[in-house]
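Trainee: Going down the list, the protein sequences come from chains A and B. For the first sequence, position 111 matches number 111 in the numbering used here, and the numbering has no gaps at all. For the second sequence, position 176 matches number 176 in the numbering used here, and the numbering has no gaps at all.
It cannot be assumed that every hint is accurate.
As the list claims (entries may be wrong) - SDA-like mimics (lysine to any residue), calculated; alpha carbons at most 20 Å apart, straight line:
id	chain 1	residue 1	chain 2	residue 2
1	B	52	A	40
2	B	24	A	87
3	B	126	B	138
4	B	24	A	91
5	A	97	B	16
6	B	158	B	113
7	A	126	A	151
8	A	161	A	80
9	B	52	A	37
The hints are simulated quantities; they were obtained by calculation from the structure and are not laboratory data.
Number of protein chains: 2
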Amino acid sequence: MDYYSTKITALIEELSRLPGIGAKSAGRLAFHLLNMPQADVERLTGAVLEAKRTVRYCRQCCTLTDSELCPICQSPSRDQAQIMVVENTRDLAAYEKTGKYNGVYHVLHGAISPALGIGPADIKLKELMQRLQGDVEEVIVATNSSLEGETTAMYLSKLIKPTGIKVTRIASGVPVGGDLEYIDEVTLLRALEGRTQL
Amino acid sequence: MDYYSTKITALIEELSRLPGIGAKSAGRLAFHLLNMPQADVERLTGAVLEAKRTVRYCRQCCTLTDSELCPICQSPSRDQAQIMVVENTRDLAAYEKTGKYNGVYHVLHGAISPALGIGPADIKLKELMQRLQGDVEEVIVATNSSLEGETTAMYLSKLIKPTGIKVTRIASGVPVGGDLEYIDEVTLLRALEGRTQL
Numbered sequence: 001m002d003y004y005s006t007k008i009t010a011l012i013e014e015l016s017r018l019p020g021i022g023a024k025s026a027g028r029l030a031f032h033l034l035n036m037p038q039a040d041v042e043r044l045t046g047a048v049l050e051a052k053r054t055v056r057y058c059r060q061c062c063t064l065t066d067s068e069l070c071p072i073c074q075s076p077s078r079d080q081a082q083i084m085v086v087e088n089t090r091d092l093a094a095y096e097k098t099g100k101y102n103g104v105y106h107v108l109h110g111a112i113s114p115a116l117g118i119g120p121a122d123i124k125l126k127e128l129m130q131r132l133q134g135d136v137e138e139v140i141v142a143t144n145s146s147l148e149g150e151t152t153a154m155y156l157s158k159l160i161k162p163t164g165i166k167v168t169r170i171a172s173g174v175p176v177g178g179d180l181e182y183i184d185e186v187t188l189l190r191a192l193e194g195r196t197q198l
Numbered sequence: 001m002d003y004y005s006t007k008i009t010a011l012i013e014e015l016s017r018l019p020g021i022g023a024k025s026a027g028r029l030a031f032h033l034l035n036m037p038q039a040d041v042e043r044l045t046g047a048v049l050e051a052k053r054t055v056r057y058c059r060q061c062c063t064l065t066d067s068e069l070c071p072i073c074q075s076p077s078r079d080q081a082q083i084m085v086v087e088n089t090r091d092l093a094a095y096e097k098t099g100k101y102n103g104v105y106h107v108l109h110g111a112i113s114p115a116l117g118i119g120p121a122d123i124k125l126k127e128l129m130q131r132l133q134g135d136v137e138e139v140i141v142a143t144n145s146s147l148e149g150e151t152t153a154m155y156l157s158k159l160i161k162p163t164g165i166k167v168t169r170i171a172s173g174v175p176v177g178g179d180l181e182y183i184d185e186v187t188l189l190r191a192l193e194g195r196t197q198l
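Isolated chain A (complex conformation):
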């Protein structure tokens, strides 16, 4: 990286720390930034710092938001008795994009992973259990279909069942449009186990 002057090299190094940005992309990005109008660059860095300054956890559901209570928790039209538990804010957005879910969320910010040393105390579980002391009818566990997501789902189920609140898990199976030929065996077996009557 000695092919550029110090400040350009420093910029490329900082950019290449970002996820999904290799050395080549970082170089392309750096020169793009250097060629951008000053005002546009300042708007970009300003947006980063402003988001960083204002974004926090929602007091109720722990999603990342720039107000004390996120827009979903604030909305009077959402069903506060139905809580969907997700691993992060992007998973929440994925369900919001469907436009069909009318309950609220709880964002764990992670999943239990003994391998990575992430235990129940490291995710927003305590905050979820506190919410369950209110008027909640159902907890829909929508953690990922990975080892960590499944472990978290099992843990949540054991923790919540004694309270009498209904705990459900989103279905696991063949994605819509998926070709059976290309689906892994574990998913195929899950789809078989989870079959429903037509």
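Starting from the known structure of chain A, arrange chain B on it as the hints suggest.
Mentor: Quick look at chain B alone, frame taken from chain A:
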């Protein structure tokens, strides 16, 4: 994009303006930035603004650098009589990485393109011609092997030849390790025309 709060949406929008960063990557980047330590985020935005503030054209070769004269033009070990003309600073870096070129450079910051309305006056040609009034033995034209790059090479050749300075063009042909079967016909013909005696 209404699935996130205002400041997060603003951040994602700014990031998705960058080249090669689509909506999905912008979302991933935004949440990565929000989860980064404050100090790291400030170092990143600082590097952008600092590079933007200090980087300018080298007084001699027009490459992007943070000093008045770039490190290559400053170096006493480089042969100032041999000038390689490239389209941009990244192309300069590509040749520097070979570690075998000992001359200096001239960065045009573009190439002549009648289709895009980019004429000789829009690139750093005047600056090159001024340098040729000094003690220059050879100009190596290393513009890209595209229509614009070739047009620029032809133009340069016509402009420089009357001065008596030697003008050369980097070879065009089959890339090392390239499989003839997958090389386009124009390149194959170029390689044939440019054949050398063994």
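Trainee: For every hint, state whether the structure bears it out.
Mentor: We went through each hint and held it up to the structure:
Simply put, residue 52/B and residue 40/A have alpha-carbon atoms about 11 Å apart, close enough for the 20 Å limit, and the pair holds. At roughly 17 Å between alpha-carbon atoms, residue 24/B and residue 87/A fall within 20 Å of each other, so this suggested pair holds. Our distance criterion of 20 Å between C-alpha atoms is met by residue 126/B and residue 138/B, whose separation comes to about 17 Å. Taken as a hint, the residue 24/B and residue 91/A pair is honoured in the structure, with Cα atoms around 12 Å apart against an allowance of 20 Å.
About 18 Å separates the Cα atoms of residue 97/A and residue 16/B, which keeps this hinted pair within 20 Å; it holds. Of the supplied pair hints, the one linking residue 158/B and residue 113/B holds, its CA atoms being roughly 17 Å apart against a limit of 20 Å. A threshold of 20 Å between alpha carbons decides the hint, and for residue 126/A with residue 151/A the separation of about 17 Å falls inside it, so the pair holds. For the suggested pair residue 161/A and residue 80/A, the alpha carbons sit about 19 Å apart, so the restraint of at most 20 Å is met.
Proximity of residue 52/B to residue 37/A is assessed by CA-CA distance (about 9 Å); at most 20 Å being required, the pair is judged to hold.
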